[in-house]
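K.L.:
For reference, the chains in residue letters:
Number of protein chains: 2
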Amino acid sequence: MNNMTRSGIIVALMAASTLALAEVKPSDAVEYRQGIYKAVKWNFGPMGDMVKGKQEFNAAEFSRRAANLAALSKMPLEGFIAGSYSGSTDALPAIEKDWETFAGIMSDFETSAATLAETAASGDMNAIRPAFMSVAKTCKSCHDKFKD
Amino acid sequence: MNNMTRSGIIVALMAASTLALAEVKPSDAVEYRQGIYKAVKWNFGPMGDMVKGKQEFNAAEFSRRAANLAALSKMPLEGFIAGSYSGSTDALPAIEKDWETFAGIMSDFETSAATLAETAASGDMNAIRPAFMSVAKTCKSCHDKFKD
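Residue numbers (my numbering), protein chains in the order written: chain A, 1 to 148; chain B, 1 to 148.
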């Protein structure tokens, strides 16, 4: 994705979020995004175990989880709203200060998760492994910068 | 969906869950499914407000939420595992006792959410309203029977 396209998407997402979430309580937004991340972890964990050989590779099961992850990857961004960076959250206020970087990583998460879901359909672990690692990298880069 | 098809799907889902979640902690399963339901509510609420006219109808926004809901509707079932019906959960043990009814309603939830997502693409509120109400009915029928 080129930078112009990505910038356009980010601006559109911000506008959509502002429009739709005008009256959302910050605590509800925190619970929403934490719920999404629980579901991300729920799917990512078993996929990681299969990639690492800790769990027997089941192509159909992996593919189902990768599809779920791709769907989930589109969801958390709208939960990061004004006033939701204190209290029971590990999300840092840096998210608001550097929204463009944050939203860019979230967009990379979405793109890499979609690629993983496509790759998973092949059932070929040699193709799946690097696609999985690309998703894992977006998780880590975001946590390093924006999670307490 | 005819009964034979539905039974087949339910059996397949049960087998998949048993296979994949052999070592899952009940408390993690509770947090997972509660996370999914938070995300369901997050999307269902604004859609309901648009259906009721409390919020201005925005076809693109509605469609995006309906697609999210359709994806989420596939996810909670695998979180209902043995040992996860006490403690901080409103899910009743009746779920285990009457698994076929429970899984049948969850399947109706999935089917009606998929229909809503398809209908939402039309942008026609006269078609969307009954499709939305069908989903709402599956929520209610499950809560009435299986939620404290």
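No lab work stands behind these hints: they were computed from the structure. Treat the hints loosely; a few may be bogus.
Note that the list lumps identical chains together, so a pair holds whenever it fits in one copy or between two copies.
Unchecked claim - Under the rule of at most 20 Å between Cα atoms (straight-line distance), these lysine-lysine pairs were calculated in the PhoX-like manner:
| # | residue 1 | residue 2 |
| --- | --- | --- |
| 1 | LYS97 | LYS54 |
| 2 | LYS41 | LYS25 |
| 3 | LYS25 | LYS54 |
| 4 | LYS97 | LYS137 |
| 5 | LYS147 | LYS52 |
| 6 | LYS97 | LYS41 |
| 7 | LYS140 | LYS52 |
| 8 | LYS52 | LYS97 |
| 9 | LYS74 | LYS41 |
| 10 | LYS137 | LYS25 |
| 11 | LYS74 | LYS38 |
K.L.:
Hint by hint, say whether it matches the structure.
P.N.:
We went through each hint and held it up to the structure:
1. LYS97 / LYS54: Result: close neither inside a copy nor across copies, 40 Å intra and 33 Å inter.
2. LYS41 / LYS25: Intra 25 Å, inter 14 Å, cutoff 20 Å: inter-copy only.
3. LYS25 / LYS54: Only across copies: LYS25 and LYS54 sit 17 Å apart there, 41 Å inside one copy, limit 20 Å.
4. LYS97 / LYS137: Neither. Shortest intra-copy (22 Å) and inter-copy (43 Å) distances fail the 20 Å Cα cut-off.
5. LYS147 / LYS52: neither (25 Å within a copy, 38 Å between copies)
6. LYS97 / LYS41: neither (26 Å within a copy, 29 Å between copies)
7. LYS140 / LYS52: Classified as within: same-chain Cα gap 17 Å, cross-chain 41 Å, threshold 20 Å.
8. LYS52 / LYS97: Neither way: LYS52 and LYS97 sit 36 Å apart in one copy and 37 Å across, limit 20 Å.
9. LYS74 / LYS41: both (15 Å within a copy, 16 Å between copies)
10. LYS137 / LYS25: Answer is neither; intra-copy 31 Å and inter-copy 27 Å both fail.
11. LYS74 / LYS38: Both: 14 Å inside a chain and 15 Å across chains, each within 20 Å.
Going through the hint list in order, the structure does not satisfy hints 1, 4, 5, 6, 8 and 10.
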